[in-house]
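Chemist: Chains B, A, U and C, in that order, give the protein sequences.
Each residue of the first sequence is one higher than the one before, starting from 90 at the first, in our numbering.
Each residue of the second sequence is one higher than the one before, starting from 90 at the first, in our numbering.
Each residue of the third sequence is one higher than the one before, starting from 90 at the first, in our numbering.
Each residue of the fourth sequence is one higher than the one before, starting from 90 at the first, in our numbering.
Treat the hints with caution; some may be incorrect.
If several chains are the same, the list does not tell them apart, and a pair holds so long as it fits within one copy or across any two.
To be verified - In silico DMTMM-like cross-links for lysine to aspartate or glutamate, where the CA-CA straight-line distance does not exceed 25 Å: (1) Lys273 x Asp133; (2) Lys173 x Glu160; (3) Lys293 x Glu265; (4) Lys293 x Asp133; (5) Lys273 x Asp141; (6) Lys273 x Asp108; (7) Lys173 x Glu106.
If you are wondering where the hints come from, they were derived from the structure by calculation, not from laboratory data.
Residue-level listing of the chains:
Protein chains: 4
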Amino acid sequence: MSTTPSRRQRLHRIIFETDTPAGRRFDQVLLLVILLSLLVTIVDSIASVHRDYATHLAWVEWGFTAVFAVEYALRLYCSPRPLKYAFSFYGLVDLLAIIPGILAIYYSDAQYLLIVRIIRMLRIFRVLKLAPYLRQAHYLVEALRGSKQKIIVFLVSVSTLVTVFGTLMYVIEGPEHGFTSIPKGIYWAIVTLTTVGFGDIVPKTPVGQMLSSLVMITGYSIIAVPTGIFTAELANAMRGEQLRHDCPVCAKNLHEHGAAFCSRCGHALFPKRDEQA
Amino acid sequence: MSTTPSRRQRLHRIIFETDTPAGRRFDQVLLLVILLSLLVTIVDSIASVHRDYATHLAWVEWGFTAVFAVEYALRLYCSPRPLKYAFSFYGLVDLLAIIPGILAIYYSDAQYLLIVRIIRMLRIFRVLKLAPYLRQAHYLVEALRGSKQKIIVFLVSVSTLVTVFGTLMYVIEGPEHGFTSIPKGIYWAIVTLTTVGFGDIVPKTPVGQMLSSLVMITGYSIIAVPTGIFTAELANAMRGEQLRHDCPVCAKNLHEHGAAFCSRCGHALFPKRDEQA
Amino acid sequence: MSTTPSRRQRLHRIIFETDTPAGRRFDQVLLLVILLSLLVTIVDSIASVHRDYATHLAWVEWGFTAVFAVEYALRLYCSPRPLKYAFSFYGLVDLLAIIPGILAIYYSDAQYLLIVRIIRMLRIFRVLKLAPYLRQAHYLVEALRGSKQKIIVFLVSVSTLVTVFGTLMYVIEGPEHGFTSIPKGIYWAIVTLTTVGFGDIVPKTPVGQMLSSLVMITGYSIIAVPTGIFTAELANAMRGEQLRHDCPVCAKNLHEHGAAFCSRCGHALFPKRDEQA
Amino acid sequence: MSTTPSRRQRLHRIIFETDTPAGRRFDQVLLLVILLSLLVTIVDSIASVHRDYATHLAWVEWGFTAVFAVEYALRLYCSPRPLKYAFSFYGLVDLLAIIPGILAIYYSDAQYLLIVRIIRMLRIFRVLKLAPYLRQAHYLVEALRGSKQKIIVFLVSVSTLVTVFGTLMYVIEGPEHGFTSIPKGIYWAIVTLTTVGFGDIVPKTPVGQMLSSLVMITGYSIIAVPTGIFTAELANAMRGEQLRHDCPVCAKNLHEHGAAFCSRCGHALFPKRDEQA
Numbered sequence: 090m091s092t093t094p095s096r097r098q099r100l101h102r103i104i105f106e107t108d109t110p111a112g113r114r115f116d117q118v119l120l121l122v123i124l125l126s127l128l129v130t131i132v133d134s135i136a137s138v139h140r141d142y143a144t145h146l147a148w149v150e151w152g153f154t155a156v157f158a159v160e161y162a163l164r165l166y167c168s169p170r171p172l173k174y175a176f177s178f179y180g181l182v183d184l185l186a187i188i189p190g191i192l193a194i195y196y197s198d199a200q201y202l203l204i205v206r207i208i209r210m211l212r213i214f215r216v217l218k219l220a221p222y223l224r225q226a227h228y229l230v231e232a233l234r235g236s237k238q239k240i241i242v243f244l245v246s247v248s249t250l251v252t253v254f255g256t257l258m259y260v261i262e263g264p265e266h267g268f269t270s271i272p273k274g275i276y277w278a279i280v281t282l283t284t285v286g287f288g289d290i291v292p293k294t295p296v297g298q299m300l301s302s303l304v305m306i307t308g309y310s311i312i313a314v315p316t317g318i319f320t321a322e323l324a325n326a327m328r329g330e331q332l333r334h335d336c337p338v339c340a341k342n343l344h345e346h347g348a349a350f351c352s353r354c355g356h357a358l359f360p361k362r363d364e365q366a
Numbered sequence: 090m091s092t093t094p095s096r097r098q099r100l101h102r103i104i105f106e107t108d109t110p111a112g113r114r115f116d117q118v119l120l121l122v123i124l125l126s127l128l129v130t131i132v133d134s135i136a137s138v139h140r141d142y143a144t145h146l147a148w149v150e151w152g153f154t155a156v157f158a159v160e161y162a163l164r165l166y167c168s169p170r171p172l173k174y175a176f177s178f179y180g181l182v183d184l185l186a187i188i189p190g191i192l193a194i195y196y197s198d199a200q201y202l203l204i205v206r207i208i209r210m211l212r213i214f215r216v217l218k219l220a221p222y223l224r225q226a227h228y229l230v231e232a233l234r235g236s237k238q239k240i241i242v243f244l245v246s247v248s249t250l251v252t253v254f255g256t257l258m259y260v261i262e263g264p265e266h267g268f269t270s271i272p273k274g275i276y277w278a279i280v281t282l283t284t285v286g287f288g289d290i291v292p293k294t295p296v297g298q299m300l301s302s303l304v305m306i307t308g309y310s311i312i313a314v315p316t317g318i319f320t321a322e323l324a325n326a327m328r329g330e331q332l333r334h335d336c337p338v339c340a341k342n343l344h345e346h347g348a349a350f351c352s353r354c355g356h357a358l359f360p361k362r363d364e365q366a
Numbered sequence: 090m091s092t093t094p095s096r097r098q099r100l101h102r103i104i105f106e107t108d109t110p111a112g113r114r115f116d117q118v119l120l121l122v123i124l125l126s127l128l129v130t131i132v133d134s135i136a137s138v139h140r141d142y143a144t145h146l147a148w149v150e151w152g153f154t155a156v157f158a159v160e161y162a163l164r165l166y167c168s169p170r171p172l173k174y175a176f177s178f179y180g181l182v183d184l185l186a187i188i189p190g191i192l193a194i195y196y197s198d199a200q201y202l203l204i205v206r207i208i209r210m211l212r213i214f215r216v217l218k219l220a221p222y223l224r225q226a227h228y229l230v231e232a233l234r235g236s237k238q239k240i241i242v243f244l245v246s247v248s249t250l251v252t253v254f255g256t257l258m259y260v261i262e263g264p265e266h267g268f269t270s271i272p273k274g275i276y277w278a279i280v281t282l283t284t285v286g287f288g289d290i291v292p293k294t295p296v297g298q299m300l301s302s303l304v305m306i307t308g309y310s311i312i313a314v315p316t317g318i319f320t321a322e323l324a325n326a327m328r329g330e331q332l333r334h335d336c337p338v339c340a341k342n343l344h345e346h347g348a349a350f351c352s353r354c355g356h357a358l359f360p361k362r363d364e365q366a
Numbered sequence: 090m091s092t093t094p095s096r097r098q099r100l101h102r103i104i105f106e107t108d109t110p111a112g113r114r115f116d117q118v119l120l121l122v123i124l125l126s127l128l129v130t131i132v133d134s135i136a137s138v139h140r141d142y143a144t145h146l147a148w149v150e151w152g153f154t155a156v157f158a159v160e161y162a163l164r165l166y167c168s169p170r171p172l173k174y175a176f177s178f179y180g181l182v183d184l185l186a187i188i189p190g191i192l193a194i195y196y197s198d199a200q201y202l203l204i205v206r207i208i209r210m211l212r213i214f215r216v217l218k219l220a221p222y223l224r225q226a227h228y229l230v231e232a233l234r235g236s237k238q239k240i241i242v243f244l245v246s247v248s249t250l251v252t253v254f255g256t257l258m259y260v261i262e263g264p265e266h267g268f269t270s271i272p273k274g275i276y277w278a279i280v281t282l283t284t285v286g287f288g289d290i291v292p293k294t295p296v297g298q299m300l301s302s303l304v305m306i307t308g309y310s311i312i313a314v315p316t317g318i319f320t321a322e323l324a325n326a327m328r329g330e331q332l333r334h335d336c337p338v339c340a341k342n343l344h345e346h347g348a349a350f351c352s353r354c355g356h357a358l359f360p361k362r363d364e365q366a
């Protein structure tokens, strides 16, 4: 088991794992390259930059594609089961990182390639596993999972509200004030309920303005609901590595992580023979 | 009591109850039909769609009306007390789901029928009883009920603020800057206090802008109030606040959350060996 | 002490107190009249209504002034110390409720009288003492008082942020993009930081838009701060009638309202002779 | 050690410390002067004020510069190690407070001096040390430090969301609807996600409006996340989480908040009579 690792195994450690200095450095460099390639894509979309530096940026983009292609080849080479890797989520994302650069040879100005180039960003998550932030993210995800059902109830209620209000506004204000259809009314209701308030469509009639006031105050009040749900769940998740077990005497059901006795009544949480029988 | 149920009783179980597979399936199909009929209503309101597909959609709408009419007849037939059903809340909603389709024969373009057609959405709630989400909704409703009085106090305060600010702005800015009446001023104050900020009416004078800043900072600060109320109540509802346990000595039956001793007589609430025997 | 009360004393009970049915009814009628007078003021500000019904509304307004004048006279008459009442807060508010009606005879269209007429709204609070809502309002006020210092720290920080961002935007965007002075920049920063976003002044330069993004994300993040402060304090206030007293043995410092013994260690909170000596 | 302090030492106490009445008064006067100089800078930026009072304000500004110069000289004089002070953070800020007044002699209308003059505001923090508010600020800072990692996770997620949504909108809406580049799209996504909603760029196509609705509801929902994080941490910071007390038997020294018995060995943490003797 402790034989000298082959070159492929050593490469695997550097590329796929993060517990060696070399592996961490590899991930840091990769993170930098991904962010840079992203930046180039974003900057390239500015008309004046594109006009002046299109060819330079195309070369840079080519460089990134080459780097990613080499990385993809290496990952395939050193992976113990290359096919499994190739069809895994990250394997596909890695492949997608190369494709736009290659397609760009044939379709020079295909705007939809942009989306694919932006998908590269997903690769950041592979690299972020180095962070001590993951434990914190874990709390957040835990709290979100715990509040899933409550949030679905909330979203269904919001959808209902938004459909009702949107339809009412369509009937009240009508097409002459910008509410040209029910979907438009629903869009307006979402803009208003979430307190975004673009102002591209606004109520003009007194009745419409009264109804809007109702929508706004509703939105302002129920902004509390997801916050309340989430806060309560997060507090749970943070106390969270608590032991869930009913005390056989006092029925206290949450205990300290390593508790052997109930901190309220002092009885053994897991009594030995006596009560087991 | 366990005689073979008649056909009417079996129908009643399928249509009104949800604890059999057939009943659940019936509700799922109904939910789908309701959502589809809603979608058709919404899509039909788009001018370009209505122009091209008006007759097709009218036929589809006729189909839905037929389905709902059959369902209504079945409910009347298998209900043990049809009249009580017919005048119950859901009975009326079920009736309202049929009316617009029938009225549409005589009044071909009556826009107000839309509202009635939207009322069909209320029927979704009848179907949603299948969800395990209701226990979660229970927490939310509990928390809302607990915070009712505090929220009324809050809404009264907000109404007062909004009236005062709206009037002040009407006096300061005047009709030439869009504040044409006090109700308009109040509408503006609501738009601003709830941080929606459409931008259809904005202060132009320096004094008006200073007052607006005050309104915004107030709104931004008191956004905390309903959230705080709700969060505190939800946290209460989620853990069962107080410990219900009779003190073995003085019989006090409500104690602090983590109490080990009775706070009135000082005796252990869960004595160790002595009283177990 | 239990002699028959004089007419003045009986009137005093009805007008100033709320613990008799007559007193409660008096307050309810008064509340209605105040709200109606407010409604008339608001409706009167709509140009089209004012044009058509100005004289009618003036008569109605006269009626309200008469009612309030009679009420003021009665309060003065039945108050045991009329002067003290006249110069109390509510005495002055009651007087202000009459003045605009009288002044309106001489200055027919004085808009600033509006403000005085709106001040009548303050009288609602006198009447609201009937509500069981006051205990709830008490919690809110308690929580606000508890969080006062933290909120001042927060407001000072926000003012600093807003001044800095406003000045920066004034320098970056300049008068040609609507940022004509530092106060205007500060106004914009408040509009943005509070997530109101009117859109009357918006950044046009790339640097300005980057800075705005920073302002918005800051505002979006620190929206948490007053909420967090308030929620934590409200939870305190609601547990809140708790007994603050250090247990002489275990130093637990918050106990149930009527606690005689510590619920954690079971020791007397206020031991008799032994430890007093 | 308790010899009569020299004049320099006495000055040092007044200028640098706040525990004497004279020191406090000095700080209060300084705070007033700083705020006034700030006010003058802000007011001077208003075009109409600048036109009419430019020379008056220049004189006032000169006065402030003189006051700050004297103060700087005094601080240098009475500081035990003048060089260390001069290169400390506050030493540099104090120097920056004088420079703009002196430079203004040569460059009469240099707008960038504004920034330097605004930096004076930083000096406010030096004075604020008198406040009893610092203990409260301590809680806030504590809560912020505790939630640092979670907030970084949150900001990274928000940045990712905003980049993805911004790019999608750029592709969907295109330059003809105001989305002229990806950075512009990202700017729009930030404006929308934070619920600011200026309305300077708005989606026009149906697909764009559907995507915006998604962005808004996301923003509205995740507004909960920083609030939840912060509230949970603040609640932690405000009550001292765990009970510090040595168990008399097993010496475990950290226990659950309301623990009466040790959760490791089951012995009473605060035994009654037996061990008191």
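Chemist: Confirm or reject each hint.
Modeler: Against the structure, the hints come out as follows:
1. Lys273 x Asp133: between (33 Å within a copy, 12 Å between copies)
2. Lys173 x Glu160: within (17 Å within a copy, 52 Å between copies)
3. Lys293 x Glu265: The answer is both: 10 Å in one copy and 17 Å across copies each meet 25 Å.
4. Lys293 x Asp133: So lysine 293 and aspartate 133 pass the 25 Å test across copies only (20 Å; inside, 42 Å).
5. Lys273 x Asp141: For lysine 273 and aspartate 141, the Cα distance is within 25 Å only across copies (19 Å; inside one copy 40 Å).
6. Lys273 x Asp108: Neither. Shortest intra-copy (53 Å) and inter-copy (40 Å) distances fail the 25 Å Cα cut-off.
7. Lys173 x Glu106: within (17 Å within a copy, 48 Å between copies)
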